[in-house]
Amino acid sequence: MRSLRAGRLTYVILGVFTLGSLFPLVWTAIAASRNNTRLAQTPPPFWFGGNLGRNLSVAWTDANMGTALLNTVVVAGTVAAGTVVFSTLAGFAFARLRFRGSRVLLTLVVGTMLIPPQLSVVPLYMLIAELSWTDRLQSVILPTLVSAFGVFFMRQYLAQALPMELVEAARTDGASSLRIVWHVVFPAARPAMAVLGMLTFVMAWNDFFWPIVALTQNGSPTVQVALTGLGRGYIPDQSVIMAGALLGTLPLLLVFLLFGRQIVGGIMQGAVKG
Amino acid sequence: MTDETALLSPSPARPVREGEGGGRGQVWRSRRYRWDLRFSPYAFVAPFFLFFAAFGLFPLLYTGWAALHQVELTDPDSMTWVGLKNFTRLWDDEFFWNALRNTVTIGLLSTVPQLLIALGLAHLLNYRLRGSAFFRVAVLTPYATSVAAATLVFVLLFGRDYGMVNWALSGLGFGPVDWQNGPLASQVAVSTIVVWRWTGYNALIYLAAMQAVPGELYESAELDGASRWRQFVHVTVPSLRPTIFFTCVVSTIGATQLFGEPLLFNGGAGATGGSDHQFQTLGLYLYEQGWVNLHLGRASAIAWAMFLILLLIAGAARLLRGRGEAR
Numbered sequence: 400m401r402s403l404r405a406g407r408l409t410y411v412i413l414g415v416f417t418l419g420s421l422f423p424l425v426w427t428a429i430a431a432s433r434n435n436t437r438l439a440q441t442p443p444p445f446w447f448g449g450n451l452g453r454n455l456s457v458a459w460t461d462a463n464m465g466t467a468l469l470n471t472v473v474v475a476g477t478v479a480a481g482t483v484v485f486s487t488l489a490g491f492a493f494a495r496l497r498f499r500g501s502r503v504l505l506t507l508v509v510g511t512m513l514i515p516p517q518l519s520v521v522p523l524y525m526l527i528a529e530l531s532w533t534d535r536l537q538s539v540i541l542p543t544l545v546s547a548f549g550v551f552f553m554r555q556y557l558a559q560a561l562p563m564e565l566v567e568a569a570r571t572d573g574a575s576s577l578r579i580v581w582h583v584v585f586p587a588a589r590p591a592m593a594v595l596g597m598l599t600f601v602m603a604w605n606d607f608f609w610p611i612v613a614l615t616q617n618g619s620p621t622v623q624v625a626l627t628g629l630g631r632g633y634i635p636d637q638s639v640i641m642a643g644a645l646l647g648t649l650p651l652l653l654v655f656l657l658f659g660r661q662i663v664g665g666i667m668q669g670a671v672k673g
Numbered sequence: 084m085t086d087e088t089a090l091l092s093p094s095p096a097r098p099v100r101e102g103e104g105g106g107r108g109q110v111w112r113s114r115r116y117r118w119d120l121r122f123s124p125y126a127f128v129a130p131f132f133l134f135f136a137a138f139g140l141f142p143l144l145y146t147g148w149a150a151l152h153q154v155e156l157t158d159p160d161s162m163t164w165v166g167l168k169n170f171t172r173l174w175d176d177e178f179f180w181n182a183l184r185n186t187v188t189i190g191l192l193s194t195v196p197q198l199l200i201a202l203g204l205a206h207l208l209n210y211r212l213r214g215s216a217f218f219r220v221a222v223l224t225p226y227a228t229s230v231a232a233a234t235l236v237f238v239l240l241f242g243r244d245y246g247m248v249n250w251a252l253s254g255l256g257f258g259p260v261d262w263q264n265g266p267l268a269s270q271v272a273v274s275t276i277v278v279w280r281w282t283g284y285n286a287l288i289y290l291a292a293m294q295a296v297p298g299e300l301y302e303s304a305e306l307d308g309a310s311r312w313r314q315f316v317h318v319t320v321p322s323l324r325p326t327i328f329f330t331c332v333v334s335t336i337g338a339t340q341l342f343g344e345p346l347l348f349n350g351g352a353g354a355t356g357g358s359d360h361q362f363q364t365l366g367l368y369l370y371e372q373g374w375v376n377l378h379l380g381r382a383s384a385i386a387w388a389m390f391l392i393l394l395l396i397a398g399a400a401r402l403l404r405g406r407g408e409a410r
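From first to last, the protein sequence lines are chains F and V.
Each residue of the first sequence is one higher than the one before, counting from 400 in my numbering.
Each residue of the second sequence is one higher than the one before, counting from 84 in my numbering.
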């Protein structure tokens, strides 16, 4: 590892990038605190106005944001929990258990990452229509409940973090596989489970293509689908749309504020090993 | 290896507690123990494969089948065999070729700058910095923003009459650009959203790879009198080649599937990708055919066309990579 000290210019350039990254988000809040008329003037507003409360409450009712947020929390939470548990189980089996066909199965898992999701959209839609799941949350949850990346990520982590001796010692004590998972694997995997959970949560929260296909808009949409409804008015109120965008983004920004460093660490870790 | 064989056979050292030994109980226990060892691994990997079979593999195969039929969204159960008609239609369909062209242009406009900027950004983040954690989180923040929210904001920023981008441009003495209707301008605008959301993410991936480059390489380069720029070009970039290849593949797959940005950049006018289809991508065209025009068979054919294009790109990448490694 190299650690040359950064010069002043480095800070300036990084400052510009930081500004570029954060500005659209800050400006969303500024636009959400103004009104439509003010947004249709030049120069555009650079500071907050007094309309935030009104816009938020209009967006809240117009896009049915309460339900949408609740739906999204349920979807992203279930998908993240399912992905974490299933990935840990499979990752443990691939990293620390020997069984016939494990190599072939692991190759299959990695191979599924190459399949573009669009390829399955039409029949998946036909499938959920057949099951009368359109407009139901399970149509979004079930197809994304497992992840090949997750299995691979947990396998790589457990191959390092879970010493063989630990599993062996538990076996010697007569523990069943399920007990080993509960008392040995889950505790050892906890840091990686947290990272995988957060990454999956962010992805599930932001997912767009499949939810907009599966959840027609008068039913129970996720936040992302609900947001598209806000722009559909005869004369769309931009400040209300921005308030909606803010409502849809804030929860994740909060997660980022709290766990940003861990998420950064997780992405970098996944990059090196994946 | 030895510890793994130990794992496979029940250990003789297993303590037997008082009162649990004896006759059938013990036989039953040891049988259960053997079953546990043999079948638990399969039980642990089963959920992945079950879900994948139901929601991944089956749909994948079925798409090929549906592409050979006429299927309407209004009645997905009735399928009429039409052979390759959906595909020959696509071949003569100017909107398909238009969408393919747009996908390639927007893909290049977003992927190339995104990865180049990410590489430079990672290089800066690799210096010893005050507040490095802050910078890393800050450049990653757009990743936490959804396609929907980000696109809606950029629609406003790129507004023709009152948008901030045109206001800034006019301050610099340039005329207003019609970001929504200009063919190239609209594609640049859509690409900007992609670049904004993904540059920081890629920068972190490059940063991780940079930190794994052994320091001796830089030390010997420095002894040879190489400037920092030359070190970057001759040490950093070659060491990062596998990672760069990886991000190229991932970004290309992402670019092929571009959907949310062009859908919402249209300001609620549906899936046409602009008044003149000027930024309609393949993903958007698939959606328009299937869920606006209700032709699921044709949508399936587009899906397969996208898959074939990806395979072509993957093949070309393999060829390129093989050549790169041979050198």
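One or more hints might be untrue.
[To be verified] Each pair of labels, with its calculated beta carbon distance range:
id, chain 1, residue 1, chain 2, residue 2, range
1, F, 559, V, 267, 33 to 39 Å
2, V, 155, F, 559, 40 to 46 Å
3, F, 559, V, 245, 22 to 28 Å
4, V, 325, F, 510, 17 to 23 Å
5, F, 615, V, 336, 52 to 58 Å
6, V, 148, F, 582, 44 to 50 Å
7, V, 215, F, 586, 28 to 34 Å
8, F, 421, V, 199, 28 to 34 Å
9, V, 174, F, 577, 52 to 58 Å
10, F, 500, V, 337, 28 to 34 Å
11, F, 439, V, 401, 50 to 56 Å
12, V, 116, F, 500, 17 to 23 Å
[Said to hold, decoys possible] Examples of chain F residues toward chain V, derived with CB under 8 Å:
id, residue
13, 405
14, 417
15, 430
16, 436
17, 488
18, 536
19, 540
20, 583
21, 640
22, 647
None of these hints come from the bench; they were simulated from the model.
Just so we're clear, the structure is a prediction, and the values are computed from it rather than from any experiment.
Yeah, the Cβ is synthetic: ideal placement off N, Cα and C, and Gly gets one too.
Okay, the hints, checked on the actual structure:
1. F:559 - V:267: 33 to 39 Å: violated (49 Å)
2. V:155 - F:559: 40 to 46 Å: At 52 Å between Cβs, range violated.
3. F:559 - V:245: 22 to 28 Å: Cβ of residue 559 (chain F) to Cβ of residue 245 (chain V): about 54 Å, so the range 22 to 28 Å is violated.
4. V:325 - F:510: 17 to 23 Å: holds (19 Å)
5. F:615 - V:336: 52 to 58 Å: For residue 615 (chain F) and residue 336 (chain V) the Cβ distance comes to about 28 Å; the hint is violated.
6. V:148 - F:582: 44 to 50 Å: Hint holds: Cβ distance 47 Å, inside 44 to 50 Å.
7. V:215 - F:586: 28 to 34 Å: holds (30 Å)
8. F:421 - V:199: 28 to 34 Å: violated (21 Å)
9. V:174 - F:577: 52 to 58 Å: Holds - the Cβ-Cβ distance for residue 174 (chain V) and residue 577 (chain F), about 55 Å, lies within 52 to 58 Å.
10. F:500 - V:337: 28 to 34 Å: holds (32 Å)
11. F:439 - V:401: 50 to 56 Å: holds (51 Å)
12. V:116 - F:500: 17 to 23 Å: holds (22 Å)
13. 405: holds (4 Å)
14. 417: holds (4 Å)
15. 430: holds (6 Å)
16. 436: violated (11 Å)
17. 488: holds (4 Å)
18. 536: Violated - the Cβ of residue 536 (chain F) stays beyond 8 Å from chain V, reaching only about 15 Å at its closest.
19. 540: At 10 Å from the nearest chain V Cβ, residue 540 (chain F) fails the 8 Å test, so the hint is violated.
20. 583: The hint is violated - residue 583 (chain F) has no Cβ within 8 Å of chain V, the shortest such distance being about 13 Å.
21. 640: holds (6 Å)
22. 647: holds (5 Å)
In summary, the structure is inconsistent with hints 1, 2, 3, 5, 8, 16, 18, 19, 20 from the numbered list given earlier, while agreeing with the others.
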